[in-house]
Amino acid sequence: MNIGIYDINEEAYLTQYLIFSKFSKNIFFLSDSNNQNINNEKLLPLSELSNAEIIKLLEKNNIKKVIFFSHRIPDVILANEFQKKNIETIYVQHGYYEIKAMKRTLKGVLRKIDKIKLFLKRIFTSQLRKKNLLSLLISLFNHWILLKPFLKNFSSPFSRLFVFDERWKNFHVNVYRAIDENIIIMGPLDVHEKFDLDYHSEKPCYVCQSLYEDGRIDLSDLNKTLNSIMAEYVKDEILIKYHPRSDKKIYQKHFPLIKEVNKIPNTNLVIGHYSSLLISSKMLGIKTVVVPLENHEIPESFISIFENTSTIESKGLHPYKKILKIIGCLDH
-7 MNIGIYDINE EAYLTQYLIF SKFSKNIFFL SDSNNQNINN EKLLPLSELS NAEIIKLLEK
53 NNIKKVIFFS HRIPDVILAN EFQKKNIETI YVQHGYYEIK AMKRTLKGVL RKIDKIKLFL
113 KRIFTSQLRK KNLLSLLISL FNHWILLKPF LKNFSSPFSR LFVFDERWKN FHVNVYRAID
173 ENIIIMGPLD VHEKFDLDYH SEKPCYVCQS LYEDGRIDLS DLNKTLNSIM AEYVKDEILI
233 KYHPRSDKKI YQKHFPLIKE VNKIPNTNLV IGHYSSLLIS SKMLGIKTVV VPLENHEIPE
293 SFISIFENTS TIESKGLHPY KKILKIIGCL DH
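Numbered as in my numbering, the sequence shown ends at 324 without a single skipped number.
Do not take every clue at face value.
Cross-link-like lysine to aspartate or glutamate pairs, in silico, DMTMM-like; alpha carbons within 20 Å at most [to be verified]: (1) 14 <-> 33; (2) 195 <-> 213; (3) 92 <-> 286; (4) 195 <-> 157; (5) 255 <-> 323; (6) 56 <-> 323; (7) 52 <-> 90; (8) 251 <-> 158; (9) 245 <-> 190; (10) 279 <-> 194; (11) 255 <-> 188; (12) 240 <-> 213; (13) 317 <-> 185; (14) 245 <-> 188; (15) 92 <-> 210; (16) 34 <-> 45; (17) 17 <-> 33; (18) 161 <-> 172; (19) 17 <-> 323; (20) 313 <-> 299; (21) 107 <-> 206; (22) 307 <-> 158; (23) 92 <-> 239; (24) 77 <-> 90; (25) 95 <-> 224; (26) 241 <-> 229; (27) 245 <-> 228; (28) 76 <-> 33; (29) 109 <-> 205; (30) 216 <-> 172; (31) 255 <-> 229; (32) 241 <-> 213; (33) 307 <-> 213; (34) 107 <-> 190; (35) 279 <-> 185; (36) 76 <-> 51; (37) 92 <-> 213; (38) 317 <-> 80; (39) 251 <-> 239.
Think of the hints as simulated: they come from the structure by calculation, not from any bench. In this text the structure is predicted, and so the values were computed from the model without any measurement.
Could you put together the complete structure from these sequences and hints?
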């Protein structure tokens, strides 16, 4: 029996597939975009396939379980269709979510035209009954366009959901209409994968988000924010933990001396806005500062979580290892 990791970009390959693959050899990466930079025999391209053809591909490769990381149109539609073919669908939380923070600018939406085409393909090749598909699309519209919770009649398409903690369990019940008893707390993920505490540095480390790249902030406002960071926190060199979708040229214009880091070191200061990495940084006892954004509000829920975060004594079992153990797919 094999497992599929579903997402639609190269970022997922780097941040999810490769990590899961450390704990199981039976994992395939289901790619719903044109990932030309990935050379792996376990990669299954989906973007040219209809939904029915995807299911046949899963059956051909003996994929009985598929792990999702979001509630976007393709995730929700495919998860519903997989369930009808007795393919187990599992959801894993991968970051901090705030509905109102998902608002996009028009320019940001237009930059995502390829994703819009993909979303339409998953809709028009859906095998769901028209009535059921329409019900799903109404809930998706309510969430992603009107920025509200999924409708109360929405039925979660995931048989099991893994989240960070009790607060996020309540969030997924109230926003994504998950069934309480199907939710399992896996613990924090970032502390295992995104930090290198053996690497000490006295330089500040800035944590990028994809706010501009995803169309959630205007470039002029991001530039003003970066100017203020340069003035207040940077003396010479700054460490930067880029987001996988970061436009690095933006930051290179503002910071004359940048050292790119793949993992956040044990530094004197971590700064950022509302990335989940800031919460993890505080958990690990690193001095962490939330920097305001120009014309873009830091979500109150993030401030609340951040302020109430305590230092942890132990990282515990890796969440992805815990997930594979629970679903019976961990290599021994």
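Structure-based check of all given hints:
1. 14 <-> 33: Status holds; Cα separation ~16 Å.
2. 195 <-> 213: violated (25 Å)
3. 92 <-> 286: Cα-Cα ~16 Å, so holds.
4. 195 <-> 157: violated (31 Å)
5. 255 <-> 323: violated (26 Å)
6. 56 <-> 323: holds (16 Å)
7. 52 <-> 90: Violated: residue 52 and residue 90 sit about 38 Å apart, past 20 Å.
8. 251 <-> 158: violated (36 Å)
9. 245 <-> 190: violated (30 Å)
10. 279 <-> 194: Holds: residue 279 and residue 194 sit about 12 Å apart, inside 20 Å.
11. 255 <-> 188: The hint holds at about 6 Å.
12. 240 <-> 213: Since the Cα atoms of residue 240 and residue 213 sit roughly 16 Å apart, the hinted pair holds (cutoff 20 Å).
13. 317 <-> 185: holds (19 Å)
14. 245 <-> 188: At roughly 27 Å apart (the allowed maximum being 20 Å), residue 188 and residue 245 break the hint.
15. 92 <-> 210: holds (16 Å)
16. 34 <-> 45: Answer holds: residue 34 to residue 45 is near 18 Å, not above 20 Å.
17. 17 <-> 33: Cα-Cα ~12 Å, so holds.
18. 161 <-> 172: At roughly 8 Å apart (the allowed maximum being 20 Å), residue 172 and residue 161 satisfy the hint.
19. 17 <-> 323: holds (7 Å)
20. 313 <-> 299: Violated, at about 29 Å.
21. 107 <-> 206: Distance of about 11 Å is within 20 Å: holds.
22. 307 <-> 158: holds (17 Å)
23. 92 <-> 239: violated (23 Å)
24. 77 <-> 90: violated (32 Å)
25. 95 <-> 224: violated (28 Å)
26. 241 <-> 229: The hint holds at about 16 Å.
27. 245 <-> 228: Holds, because 14 Å separates the two Cα atoms, which is no more than 20 Å.
28. 76 <-> 33: Between residue 76 and residue 33 the Cα gap is close to 28 Å, so the pair fails against 20 Å, i.e. violated.
29. 109 <-> 205: Holds, at about 18 Å.
30. 216 <-> 172: violated (43 Å)
31. 255 <-> 229: holds (17 Å)
32. 241 <-> 213: holds (16 Å)
33. 307 <-> 213: Between residue 307 and residue 213 the Cα gap is close to 36 Å, so the pair fails against 20 Å, i.e. violated.
34. 107 <-> 190: Given that 20 Å is the threshold and the Cα spacing comes to 39 Å, the pair is violated.
35. 279 <-> 185: holds (19 Å)
36. 76 <-> 51: holds (13 Å)
37. 92 <-> 213: Holds, at about 18 Å.
38. 317 <-> 80: Holds, at about 15 Å.
39. 251 <-> 239: holds (15 Å)
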